[in-house]
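A.B. asks: Here is what each chain is made of, one letter per residue.
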Amino acid sequence: MSPSDAAVESAVVQAPSAGRHTLALFLSELRLVFGRARTQVGLGVLAAVPLLVGIAVKIAGSDGGDEGFIGQIAGNGLFLIVASLGLSLPFFLPTAVTVISGESLAGEASLGTLRNLLTAPAGRSRLLAAKMVALAIFCLVATMTIWLSGLIVGFILFPVGDVLLLSGSTVSLGEGLLRALGIAVVISLSLLGLAGIGLFVSSLTSTPLAAMAATFGAFIVLGILTAIPQLHAIHPWLLMFRWQSFADLLRDPPYWHDIGLNLLVQAAYLVVFYTAAWARITSRDIT
Amino acid sequence: MSAPVVTRGLTKRFHGGQVAVDAVDLEVPAGSVFGFLGPNGSGKTTTIRMLLGLIAPTSGEVQLLGEPMPKAQLRVLPRVGALVEGPAFYPFWTGQANLLRFDAADRTADPRTRKTRAGEALERVGLSNAAGKKVRAYSLGMRQRLAIAVALMQRRELLVLDEPTNGLDPQGTREVRHLIRDLASDGTTIFTSTHLLAEVEQVCTHAAIMSRGKLLRQSTVAQLRTELRARLVVRTPDLEQAAQTLQGLGVTDLKTTDETVEGDPGELPIEKFAAALVAADVRIHGFGLERPSLEETFVALTGEGFDVAE
Numbered sequence: 029m030s031p032s033d034a035a036v037e038s039a040v041v042q043a044p045s046a047g048r049h050t051l052a053l054f055l056s057e058l059r060l061v062f063g064r065a066r067t068q069v070g071l072g073v074l075a076a077v078p079l080l081v082g083i084a085v086k087i088a089g090s091d092g093g094d095e096g097f098i099g100q101i102a103g104n105g106l107f108l109i110v111a112s113l114g115l116s117l118p119f120f121l122p123t124a125v126t127v128i129s130g131e132s133l134a135g136e137a138s139l140g141t142l143r144n145l146l147t148a149p150a151g152r153s154r155l156l157a158a159k160m161v162a163l164a165i166f167c168l169v170a171t172m173t174i175w176l177s178g179l180i181v182g183f184i185l186f187p188v189g190d191v192l193l194l195s196g197s198t199v200s201l202g203e204g205l206l207r208a209l210g211i212a213v214v215i216s217l218s219l220l221g222l223a224g225i226g227l228f229v230s231s232l233t234s235t236p237l238a239a240m241a242a243t244f245g246a247f248i249v250l251g252i253l254t255a256i257p258q259l260h261a262i263h264p265w266l267l268m269f270r271w272q273s274f275a276d277l278l279r280d281p282p283y284w285h286d287i288g289l290n291l292l293v294q295a296a297y298l299v300v301f302y303t304a305a306w307a308r309i310t311s312r313d314i315t
Numbered sequence: 469m470s471a472p473v474v475t476r477g478l479t480k481r482f483h484g485g486q487v488a489v490d491a492v493d494l495e496v497p498a499g500s501v502f503g504f505l506g507p508n509g510s511g512k513t514t515t516i517r518m519l520l521g522l523i524a525p526t527s528g529e530v531q532l533l534g535e536p537m538p539k540a541q542l543r544v545l546p547r548v549g550a551l552v553e554g555p556a557f558y559p560f561w562t563g564q565a566n567l568l569r570f571d572a573a574d575r576t577a578d579p580r581t582r583k584t585r586a587g588e589a590l591e592r593v594g595l596s597n598a599a600g601k602k603v604r605a606y607s608l609g610m611r612q613r614l615a616i617a618v619a620l621m622q623r624r625e626l627l628v629l630d631e632p633t634n635g636l637d638p639q640g641t642r643e644v645r646h647l648i649r650d651l652a653s654d655g656t657t658i659f660t661s662t663h664l665l666a667e668v669e670q671v672c673t674h675a676a677i678m679s680r681g682k683l684l685r686q687s688t689v690a691q692l693r694t695e696l697r698a699r700l701v702v703r704t705p706d707l708e709q710a711a712q713t714l715q716g717l718g719v720t721d722l723k724t725t726d727e728t729v730e731g732d733p734g735e736l737p738i739e740k741f742a743a744a745l746v747a748a749d750v751r752i753h754g755f756g757l758e759r760p761s762l763e764e765t766f767v768a769l770t771g772e773g774f775d776v777a778e
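Note that the protein sequences, when read in sequence, are chains A and B.
Numbering-wise, the numbering used here comes out as the position in the first sequence, counting from 1, plus 28.
Numbering-wise, the numbering used here comes out as the position in the second sequence, counting from 1, plus 468.
Just chain A, same shape as in the assembly (with noise of 0.2 angstroms):
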């Protein structure tokens, strides 16, 4: 066999196992996520948000002059899955954002189990990768926890029909229904810049309670910056800012202007954030 076919052997052995695998990591980084107790528990807690506020409505009634959308939910219980994501938006839900991507680089730092990934090899690019998406599945999986315990607890203790939106037109359940899961998605992708912070706080670090502790801070200061009035020049730079645009779904025609620029600035927040833990992770000394 002369030196050339054995060149063009090897490539047949080596070439089909090169990249092949791809997903297998995505997946184990689902099964990693998704099957740890807390994170069950923190969905449960998500879960419960509803089931609470729909029991607070049923006991203390509601004669429909309540601010927003609680105030609706006795008349239509589909606004239950609507207030519920609007209450959940401001605390519990970064709070589990927080956790989980806190938890993400820093808990396999922490463990040691980073050593053997990157032996494995998995790759330091292709690693973080697999732990962004985890992050926002997770954020998906979060909200539409939240919009279907909603739909479960809001069909079963109040009436359903027609939704009357905020701009005073009416549209069927079923309209209604796919509006308050546009709500769902777009909240999960309003999490996308704070998995972000979380994501490279958590390359910095072995340690993933300060990961943690330090993603919650940056939320905390942003949330005050976002309260100070006099700070309104750069109001729209801010992480939180457009948060509530969600409920704009809710006109007739929906309202995409402040979507859209909350999604933007989503996305300015991830892309530094990303790029950030990925010059991390790929020239940190692993210990």
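Certain hints may be false.
Residues on chain A that point at chain B, a partial pick, calculated with CB under 7 angstroms [what the hints assert, rightly or not]:
#	residue
1	A52
2	A75
3	S138
4	G140
5	R143
6	N144
7	L145
8	V161
9	A164
10	T310
11	D313
Honestly, the hints are just simulated from the structure, not real lab data.
Ideal placement from N, C-alpha and C gives every residue a C-beta, glycine not left out.
Fit chain B to the given chain A structure using the hints.
C.D. replies: Showing chain B alone in chain A's frame:
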């Protein structure tokens, strides 16, 4: 074929200026069981981390299986089984689930055979019965064996094992050493670090000695052992007489203990000493040349005991 592990001037300086590894030139021959020997803190683990691309060298280069690291790591590392600095696992997962995850991280690993290969690896390290137990419930020895199982999930050309018998009981240690010999007989090159000289003497064909970040020696174990000249040892009750006789024959570095006189015999053939001692009426209870143990060689090379190097 080039050596499976080659380093040139490999150096790691940590922030703060401490030099953990200082211009190390390693060459591990194919098919060898290479003992990487040194006290704790001598730079072994840092060297291994650089071999595997976990940390970047300050200067110098690494070639693994003929390819540059860390540049070619995605191509090289699937052919290398590694155990770095003690076992690390997800404690909330079973031993088997841990194996499956690390195998899934390697995109060249075939998912269809993953479970079978995990079962075989677990069996090989004697953990079949504990496969379904959470790692949290594993003893340190079991974790150590599970870590070796990770390295055995695929056929490897090179195994890099950092203190593989650490934390194992005598039985487990014997099993791991047996396993290493077994793997070596299949042609796998094994690079194993240890701070136990006995381990090197029992399993290794080659050894390198590290001390304070520097590579002091590397050669075959047999060569290292004969490095120091054998000493003449005479067991006798007539210590003074024996010492005088030997001194007269040019023996240097004489030392007298309670019942022996020993020294460097120089170039004279050994039978001359026996004859001279008998002629001088020295009662001889024992007589011979003693080779230094690897431990004595080590002390002679490093000028320090086998404790933590500061």
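A.B. asks: State for each hint whether it applies.
C.D. replies: Consistency of the hints with the structure:
1. A52: With Cβ-Cβ at 4 angstroms, under 7 angstroms, it holds.
2. A75: violated (22 angstroms)
3. S138: violated (10 angstroms)
4. G140: Holds. Min distance 3 angstroms.
5. R143: holds (5 angstroms)
6. N144: Status holds, d = 5 angstroms.
7. L145: For A/L145, the interface hint holds, since the closest Cβ of chain B sits about 5 angstroms away, which is under 7 angstroms.
8. V161: violated (14 angstroms)
9. A164: violated (19 angstroms)
10. T310: violated (10 angstroms)
11. D313: holds (4 angstroms)
Hint violations for this structure: numbers 2, 3, 8, 9, 10, all remaining hints satisfied.
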